[in-house]
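Could you put together the complete structure from these sequences and hints?
There are 4 protein chains.
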Amino acid sequence: MTGRSPTEAEVLGYVESLSNWGRWGPEDQLGTLNLITPAVRRKAASLVRHGATVSLARELAPVAEPGDAFAPPQRYMLFTGEGLADEHRVRQHPAGRESDSARVHGASEYIGMVFHGFNVTHVDALSHVFWDRRMYNGKPPELVNSLFGASSHAVTAAGDGIVTRGVLLDVAAARGVEWLEPGTGVTPVDLELAESRQGVQVREGDAVLLRTGHGLSRARLGPQDPNVHGQPGWHPAALPWLHERGAALIGCDAGVDVLPCDYPALSMPVHVIGIVTMGLWLVDNLDLEAAASTAERMRRWEFLFTLAPLRLTGGTGSPANPLAVF
Amino acid sequence: MTGRSPTEAEVLGYVESLSNWGRWGPEDQLGTLNLITPAVRRKAASLVRHGATVSLARELAPVAEPGDAFAPPQRYMLFTGEGLADEHRVRQHPAGRESDSARVHGASEYIGMVFHGFNVTHVDALSHVFWDRRMYNGKPPELVNSLFGASSHAVTAAGDGIVTRGVLLDVAAARGVEWLEPGTGVTPVDLELAESRQGVQVREGDAVLLRTGHGLSRARLGPQDPNVHGQPGWHPAALPWLHERGAALIGCDAGVDVLPCDYPALSMPVHVIGIVTMGLWLVDNLDLEAAASTAERMRRWEFLFTLAPLRLTGGTGSPANPLAVF
Amino acid sequence: MTGRSPTEAEVLGYVESLSNWGRWGPEDQLGTLNLITPAVRRKAASLVRHGATVSLARELAPVAEPGDAFAPPQRYMLFTGEGLADEHRVRQHPAGRESDSARVHGASEYIGMVFHGFNVTHVDALSHVFWDRRMYNGKPPELVNSLFGASSHAVTAAGDGIVTRGVLLDVAAARGVEWLEPGTGVTPVDLELAESRQGVQVREGDAVLLRTGHGLSRARLGPQDPNVHGQPGWHPAALPWLHERGAALIGCDAGVDVLPCDYPALSMPVHVIGIVTMGLWLVDNLDLEAAASTAERMRRWEFLFTLAPLRLTGGTGSPANPLAVF
Amino acid sequence: MTGRSPTEAEVLGYVESLSNWGRWGPEDQLGTLNLITPAVRRKAASLVRHGATVSLARELAPVAEPGDAFAPPQRYMLFTGEGLADEHRVRQHPAGRESDSARVHGASEYIGMVFHGFNVTHVDALSHVFWDRRMYNGKPPELVNSLFGASSHAVTAAGDGIVTRGVLLDVAAARGVEWLEPGTGVTPVDLELAESRQGVQVREGDAVLLRTGHGLSRARLGPQDPNVHGQPGWHPAALPWLHERGAALIGCDAGVDVLPCDYPALSMPVHVIGIVTMGLWLVDNLDLEAAASTAERMRRWEFLFTLAPLRLTGGTGSPANPLAVF
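Here the protein sequences come in this chain order: A, B, C and D.
All residue numbers for the first sequence refer to the UniProt record's numbering, where the first residue is 1 and numbers rise by one.
All residue numbers for the second sequence refer to the UniProt record's numbering, where the first residue is 1 and numbers rise by one.
All residue numbers for the third sequence refer to the UniProt record's numbering, where the first residue is 1 and numbers rise by one.
All residue numbers for the fourth sequence refer to the UniProt record's numbering, where the first residue is 1 and numbers rise by one.
Errors might be hidden in some of the hints.
Copies of one chain are not kept apart here, so a pair can be met inside one copy or by any two copies together.
[Said to hold, decoys possible] Here are the simulated lysine to any residue pairs, SDA-like style, with alpha carbons at most 25 Å apart:
id, residue 1, residue 2
1, K43, A290
2, K43, G222
3, K43, R297
4, K43, D262
Read the hints as simulated data drawn from the structure, not as lab findings.
In this text, all values refer to a predicted model and were calculated from it rather than measured experimentally.
Right, here's the structure in full:
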């Protein structure tokens, strides 16, 4: 895109032009993950040349942050290592029962969270978004209900994990800035600039990870509410490019969609058209700082990418710790 | 072990003889994960010959099961695809705010769980168990407290993921049974029998995954409370063997420790000596049925193993979906 | 009712004949609580002759029980009195911050529950049940949605508390049995038998509390799943009687509706017709054993009744500890 | 107090001079609630002259507020009235199972909260605070542990409810201000000024409710974090006065203790000396605006006070909706 942004009508046109409905059969729940073939995985594994692993996830701390739409993640200790010498101490077995030995104790906790939102690193299943009262592949949204969660298009569709080539496109570096300002949407011009700088080409089956430098700005300025202050992200104009290249998954160090968004009818167009139209799997809220440093040092922006969603029955996504193995 | 089980005194002796305290420095929090070098990872990646991925985790459903020491996993939908045509319907944006478009809706949920216990597939961090009022490497247990969780030895120590060679030892198959009965402890004799049948040798840095057939018995008979009915598992007599071979991580399709346990002073000796003495990382409650079938079909029981714990600040472990990539 | 039970068609007829829709205006959310006038409350207060208070609630323990439709109540301690002498102990202030004094510590917890169901003593707001896609007073059910909870007919309608005369009708004692067997539905014959034995008459504005002896059978036999084993309770044939007498609230030591129920179209007819048609407030799962003993001892089955629901914004009910003051 | 505040040494002296340890026996868990005799309750009931009930609690909404030390209250709908016409709608029974009737649906929710803190109206049990490693009556703090919660001094000690005379002391009105500024501690001079203006005298067994006008300032200025901005409240200098008068319970429309506090060794001295030394029951975060208006209108600041804590097994307190019945 050298010049103008697509009009809202043009973006709405993607609902037809980028559609993958029916492409992999009427019952398909995998969407673009179908593009990750065994051959793609074999090639991806061959990228492990150094043997270094780098997490692409933020830490998941039980603290409130700006932009939380819901309660912050929670952690409540069930038992701890405190007071083991106390006279009235209950001997707590690691498995949660009373220990039969005075010498053995354990620690355990309850964790809880709403992983969707702007803070937790997570993957969206294809049941996360509805457009015109349809899910990906035309399924009715009532299949996602209070009692069963997502009885179709759950995250368990990807239960065997997402293992493919990861390509980190460092658009902040390509543009020569520390980070893209909130409201900056990344378009094919940026992506190809980064490809060119890095000597890498996105191809079919890739996990395409966009570095906007948001992790650095969060570290420097503190987290800010994207609904108030905006965030950088994928511009919907990148969707045809991703469709053509055959991306299997996209991620971003902010919340995927650029905010504020110029297309009110679509609200969060990359989520809407990506998930519903294309069946594209999205990963929100990555931390790409460590991976970008490693890539820069090794002069190599491709690696083995793994993401193993929790096998949450009926889940509309999952918190995740995606890895890059260089 | 051809003959007798070790006495309790002998097992207690492992606390000295198998100790890794200080081996990787006084501040080490990685324990046996230190054995996974870049070279080990490179070799592991080279095992991806077919490109098939198989989950090693059970599904994580919000239902009560026998053996739950605490509340079952929880899932509460925050908004769903129900009633999108209702007159009073709130347009719910995927990011958790009200949508500015009548055509866009989303679904989201709260999830919560106590992952330790007998049902959720999870990894134990080295802060999960205390022996004689010490954690691995001699640290005081009060470092694990209610306010901060594990302020040392948290699961975040493995935040960059565990990527290594996985070896599935199918002891049920080696013994020619569908599954090992509860109370059956697996010893080096069994392990070497399985190695021999499978033509594979456990070596330094491996993730060693014990198949007892428990997944099959759970499917056939339904889940049962291991505190009442027992479970098969690793016998503490296997610990010196694991130490000698240099296992980096062990897992089991039941809860790792054989139950009931003959060593009351130790309560769950593989947890106690494994975690506290050896700094060994344990994965409880795997589902190895699919991986065993794949391995049998391919006649290959080694693969690329990945486990990416959630980066839970202060966590004493994490729910997980470990993968085998063949 | 001396003879036959009403037919399903007759019970369905109550939807018309017992309707309070519009009786207190088109926007009314109080239903039968309108019958509790200041004069009724003054009279109720005059019943305090001894000054004894008795709880009418079960204990609320964080344990699983048969009949739980959802996760059991939860309690997770945030900090405790354990290990106050530990070297690494964090000084925990009662208000949840670090204490500035080494001599001050506190204890606190998270509590969570699904109060509706068969175990927790709770009051149902008029937003709890829908019949033919309508709430009490004809309001549309979509007013109860995931984002806001009950945006009409919430429990906060009764936020200033329910203070009135309580009448305990001990039907088990009237029938001369320890408890009514599951499946036994209490009809006007029973109610008038109890009135007669006790020398009391239900009148307008009363809280009518039915003792079936279920508390005793729970204590004796342990709790049982009412969906499997049934429960005693109010028979729908009692509804016209309650309507005529002007009961403001009814309660029961089991879950209000007799189970199994002979009226499949209505599923739980006392809940459906009581709440939706009559605007009657229900209290499920009382413990009436202590109150019945006190009443028997004092030969007085009327008292000051108080129930103060938590002021849960959007709540469809509330856990409660109703009191009898004799 | 006309003049100087007590020194820290003087306040520390209250630990001896105001002690109720042993006063009601070595096993007492009721503390000052012992002062509420049946005669006190009878007299309190006789104060119901009009028959009006007024809640003394704030609304309990699932939203974050400044001063939350922990996650805000949570409400997750389990099923709702949305989409009852949807083709795939699950018929949800009020009791949490699938309904056997297409005409019956229900709504239900999960609620969760940390009630201690600065926002939820709640009562503190005598297990909530420790001083010099002792609870009220000298019990060891380890009796409050992670596994059992408060195994002594739990809120269930008051399970039969607190029913007594309530006296609202409107110190803001007595001082002729809209509200007391944060940091303003209320002393006997203020209390007696209010008594005198209102023509009422605190006497043995009373629930003494201090109105600082904090509810009005919250409404006007929005909630503020008391740890940052302070709050008005009871000055520790009022403790001897409360002891002498025989208050059974005290409450406040802010968080009881004035903040900031001038006595660092005691941190929150009214909590510490009130709860631990005196066995005094505290109610934090009341909303006294409606009650004050009613009292002003009726020219009567005494009423029947009821508080029925949830019977939380092991609870260190309870959320509550205390009532004033005029």
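Evaluation of the provided hints:
no., hint, verdict
1, K43 x A290, "both (23 Å within a copy, 23 Å between copies)"
2, K43 x G222, "neither (39 Å within a copy, 40 Å between copies)"
3, K43 x R297, "both (22 Å within a copy, 22 Å between copies)"
4, K43 x D262, "neither (39 Å within a copy, 48 Å between copies)"
Hint violations for this structure: numbers 2, 4, all remaining hints satisfied.
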